[in-house]
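Let chain A serve as the given structure and place chain B on it in line with the hints.
In the order they appear, the protein sequences are chains A and B.
Residue numbers for the first sequence follow my numbering, so the first one is 17 and each next one is one higher.
Residue numbers for the second sequence follow my numbering, so the first one is 23 and each next one is one higher.
Just so you know, the hints here were simulated from the structure itself, not pulled from any lab data.
Backbone N, C-alpha and C fix where the C-beta goes; we use that ideal spot for every residue, glycine too.
One should not assume that every hint holds.
Stated by the list, open to error - Derived coverage of chain B by chain A (criterion: at least 3 residues anywhere in the stretch with Cβ under 8 Å from a Cβ of chain A; other residues may be distant): (1) 38–44; (2) 96–109; (3) 183–197; (4) 246–259.
What the hints assert, rightly or not - Incomplete in silico selection of chain A near chain B, CB under 10 Å: (5) Gly82; (6) Ala84; (7) Lys108; (8) Phe111; (9) Thr113; (10) Lys120; (11) Leu123.
Unchecked claim - List time: in silico DSSO-like cross-link candidates among lysine-lysine, alpha-carbon distance up to 30 Å: (12) B:Lys162 with A:Lys120; (13) A:Lys462 with A:Lys344; (14) B:Lys247 with A:Lys403; (15) B:Lys65 with A:Lys108; (16) A:Lys89 with B:Lys162; (17) A:Lys89 with B:Lys284; (18) B:Lys187 with A:Lys446; (19) B:Lys65 with A:Lys228; (20) B:Lys284 with A:Lys97; (21) A:Lys338 with B:Lys73; (22) A:Lys230 with B:Lys247; (23) B:Lys210 with A:Lys230; (24) B:Lys129 with A:Lys315; (25) B:Lys162 with A:Lys130; (26) A:Lys86 with B:Lys129; (27) A:Lys344 with B:Lys65; (28) A:Lys227 with B:Lys73.
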Amino acid sequence: MRQDKMKYFSWFVAILMVAALLSGCAKSSNEPLEESPTTTSSDSAEGSEGKLDTSKKVELVWYLLGDANKDQKEVMAELNKMLEKDLNTTVKLNFTTWTDWQTKYNLLLASGEKIDMIFASTWSDYYKFANQGAFLPLGDLLPTYAPETWKNVPKQDWDEATVKGNILAVPATYPEYTPDGLVYREDWRNELGLPEIKDLDSIEAYLDGVKKAKNVTPINGKAYNEVFTLFKAYNDYQQIGGDSGVIAASSYDNPRDIIAYPFTPEFEAWVKRMKTWADKGFWNSDTLSSQVEAGDAIKVGTGAVYWRNAPGAGGYIVDMEKNNPEIKLGYFPFTRFHNYVMPNLSVNNAMAIPKNAANPERSLMVLDKLRNDPKYYDLLSYGIEGKHYSIAEDGKYIVTPPANLKDTKNFVPYGIASWGFRLESMERVKQASGWSGFDALLQEFKSESKPNIFAPVLLDYAPVKSQQAAVNAVIQQYGLPLMMGLVPDVDKAIETYRKQLEAAGVNDVLAYVKEQAYAYYDEKGMK
Amino acid sequence: MKIKTEKATIVFNVIGYTIITILTLLCLLPFLLIVSGSVTPEKEIIAEGFKFIPNQFSLDAYTAAFSNTGQIVSAYRVTIFLTLGGTALGLFLTSMAGYVLSRNDFKYRNSLAFFIYFTTLFSGGLIPWYILIVNQLNMKDSYMALLLPPLLSAWNIILMKNFMKSIPDAITESAKIDGAADFTIYWKLILPLSTPGLATIGLFMALGYWNDWFLANLFVTTESKYPLQFLLYKILASAAVLNTNVAGNLSPDFRPPAETLKMAVAVIATGPIILLYPFVQRFFVKGLTIGAVKG
Chain A
17 MRQDKMKYFS WFVAILMVAA LLSGCAKSSN EPLEESPTTT SSDSAEGSEG
67 KLDTSKKVEL VWYLLGDANK DQKEVMAELN KMLEKDLNTT VKLNFTTWTD
117 WQTKYNLLLA SGEKIDMIFA STWSDYYKFA NQGAFLPLGD LLPTYAPETW
167 KNVPKQDWDE ATVKGNILAV PATYPEYTPD GLVYREDWRN ELGLPEIKDL
217 DSIEAYLDGV KKAKNVTPIN GKAYNEVFTL FKAYNDYQQI GGDSGVIAAS
267 SYDNPRDIIA YPFTPEFEAW VKRMKTWADK GFWNSDTLSS QVEAGDAIKV
317 GTGAVYWRNA PGAGGYIVDM EKNNPEIKLG YFPFTRFHNY VMPNLSVNNA
367 MAIPKNAANP ERSLMVLDKL RNDPKYYDLL SYGIEGKHYS IAEDGKYIVT
417 PPANLKDTKN FVPYGIASWG FRLESMERVK QASGWSGFDA LLQEFKSESK
467 PNIFAPVLLD YAPVKSQQAA VNAVIQQYGL PLMMGLVPDV DKAIETYRKQ
517 LEAAGVNDVL AYVKEQAYAY YDEKGMK
Chain B
23 MKIKTEKATI VFNVIGYTII TILTLLCLLP FLLIVSGSVT PEKEIIAEGF
73 KFIPNQFSLD AYTAAFSNTG QIVSAYRVTI FLTLGGTALG LFLTSMAGYV
123 LSRNDFKYRN SLAFFIYFTT LFSGGLIPWY ILIVNQLNMK DSYMALLLPP
173 LLSAWNIILM KNFMKSIPDA ITESAKIDGA ADFTIYWKLI LPLSTPGLAT
223 IGLFMALGYW NDWFLANLFV TTESKYPLQF LLYKILASAA VLNTNVAGNL
273 SPDFRPPAET LKMAVAVIAT GPIILLYPFV QRFFVKGLTI GAVKG
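Chain A with its partners taken away, still in its complex shape (with noise of 0.2 Å):
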């Protein structure tokens, strides 16, 4: 009797547990979305009523993607000061910091959690959130509350940040190239009359002369970015909507042409041709395992070619100037494999209001002062005038450490994720670390720029998310061998790679891919 009744009370209180999850998850999951019209209707009647009322104090909440400064708290001291007397406003500023960003990001804004304002980027999926819904609409704001802002980002930058007919966050003025490229050790190929590098063929003979006369492994380290993104420069193959794994566009004047490569003629070319340069030694036989960063090795003369992008090859060779001055590096950018660039998109790097923004209203208008009044700008971008920098002679740039400062050995530089808000022409920092080759290339860039058509794609993979992570293991376990050279048998491996391509289903991610990059073109109205 007892046994049986025990029996009932357990299942009733199972039963009522399940019944109290499932009414716990639905309550949490409605609550933001109803919120968020109430507050956003409320707060416009404020604003169209002609002035910005700031009247009551509001705290708000931003959050940047990164890792905050040492002296970050007295930066914000600062910065909320001026925003009090200005705006009545202050900010709390969290990083998320580097540790599993991605989860931290996602649970961010899945968990509608008042944030006012946060970074927002093609890289940290801006276009999946936006789509989801995740960002607060920005059109109807923008005009009132950030009207210098709206007045100065070109019309393309705000078209890049439209999704579904809706400006979903503020992208940075920033114009940004990142092609792929190659630092290479310029003093030695002078040294051994090495040509000039300009193509394939001069980079191979760079290479096999370094490791002849010099004795180096020319790659010493990991080498796959700079055999991979050498090769779809090469062959002009651009991949769509982000990294698509084998799926690229066949080149840029053939957008519709999507294929996946290494089902062409010319990538059994090239993976022939690589398996000579691994003979040769090009790069070590461990190099897919290898942890060690080509430019490392660089630094201690055991290595010649690295992979950078433009402004990174930047930072690199400056700092190389200055630590390593004996060493020369020259820079051979992708580019002019074919002679165009792609601008990185404006969104690249944004800030944007996640729907359940507390005061929307007022975090524009602290972005338009950030991003608009230098005192605010210099002082969250570079820190503190005397203790962070000082301004340069011509009145425009920075100098690091400040002029005045005594102790420079225990000087640590500011500097913060402050990528969402920059415009160029409110930085006081040169492109590329101020590297003296960057101006003559940016100059290049700019006159055979073309509009970037393959990143805004939209892809989240969702129908076909077996069959590419399927490929994406076969990419791994046999694509990245071959594309290094490392198989013993190239048309052998080169008949198994594309066997178990075909067996993982990349038929189907191609058929999405395309279905996808087709609907983007004739959105656009492009051919």
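Below, chain B alone, put in the same frame as chain A:
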């Protein structure tokens, strides 16, 4: 009287000791490499890789690590406070729950045990859990978010309950006859008799608190509230991200922490707990044997 050792035993011992020695060395060598790596000059590591005995001796990495002493010290404080406080409180709550469930005269003990057990079968998932803690409980950026989630686990409670079940009922009864109330029985008799169980669960909990970085990663935004493991992981993660393609989108001025710095931070973070471990472990092993003998 001396018992004669057989030849087979000697051979067995020799083989056993050799294998154990090799295994011990295998476990020890990585630690040694970390320590020696942390005192090797950066350039030597890049040029020649890690070595057990560096050509040159350099304390640069430690100087760099301790340039921000305040943060390491405060991280230590947070972690120690959490580990001690969390373990003590957690043990107290777990053992109380276990005790109640182990008492035969508690009528609904099985239902309650099922109720507790039931929660281990399902999980709301990461996002609802996050929403609960941040939006409902308002524990974002609070020490509570670090202390509460690992405090009680259903598994530990059941472990404790089963352990206390092995204590004879007669002890409880005799104490009752002597006029002890329930809490006195728990505090004065059951707890001392449960030392082995407490030691086991306590060690699990303490290690859990000491090693936790995930909670801090999700919930803590103020730097002074970072626990040690998170601080360490943060340094490593920053270096890792800056070596990937993402870095291409970032300011090139950022420089990843050097190899040696990573090693130095690892030594700073693990050193103390390694030194502490033998002492705790002795107690822990003793506790286990007591339990085994008593059956």
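Each hint tested on the structure:
{"no.": "1", "hint": "38–44", "result": "violated (count 0)"}
{"no.": "2", "hint": "96–109", "result": "violated (count 0)"}
{"no.": "3", "hint": "183–197", "result": "violated (count 0)"}
{"no.": "4", "hint": "246–259", "result": "holds (count 4)"}
{"no.": "5", "hint": "Gly82", "result": "holds (8 Å)"}
{"no.": "6", "hint": "Ala84", "result": "holds (6 Å)"}
{"no.": "7", "hint": "Lys108", "result": "holds (8 Å)"}
{"no.": "8", "hint": "Phe111", "result": "holds (7 Å)"}
{"no.": "9", "hint": "Thr113", "result": "holds (5 Å)"}
{"no.": "10", "hint": "Lys120", "result": "holds (6 Å)"}
{"no.": "11", "hint": "Leu123", "result": "holds (5 Å)"}
{"no.": "12", "hint": "B:Lys162 with A:Lys120", "result": "holds (13 Å)"}
{"no.": "13", "hint": "A:Lys462 with A:Lys344", "result": "holds (26 Å)"}
{"no.": "14", "hint": "B:Lys247 with A:Lys403", "result": "holds (26 Å)"}
{"no.": "15", "hint": "B:Lys65 with A:Lys108", "result": "violated (40 Å)"}
{"no.": "16", "hint": "A:Lys89 with B:Lys162", "result": "holds (19 Å)"}
{"no.": "17", "hint": "A:Lys89 with B:Lys284", "result": "holds (25 Å)"}
{"no.": "18", "hint": "B:Lys187 with A:Lys446", "result": "violated (72 Å)"}
{"no.": "19", "hint": "B:Lys65 with A:Lys228", "result": "holds (25 Å)"}
{"no.": "20", "hint": "B:Lys284 with A:Lys97", "result": "violated (37 Å)"}
{"no.": "21", "hint": "A:Lys338 with B:Lys73", "result": "holds (28 Å)"}
{"no.": "22", "hint": "A:Lys230 with B:Lys247", "result": "violated (52 Å)"}
{"no.": "23", "hint": "B:Lys210 with A:Lys230", "result": "violated (78 Å)"}
{"no.": "24", "hint": "B:Lys129 with A:Lys315", "result": "violated (74 Å)"}
{"no.": "25", "hint": "B:Lys162 with A:Lys130", "result": "holds (11 Å)"}
{"no.": "26", "hint": "A:Lys86 with B:Lys129", "result": "violated (58 Å)"}
{"no.": "27", "hint": "A:Lys344 with B:Lys65", "result": "holds (18 Å)"}
{"no.": "28", "hint": "A:Lys227 with B:Lys73", "result": "holds (26 Å)"}
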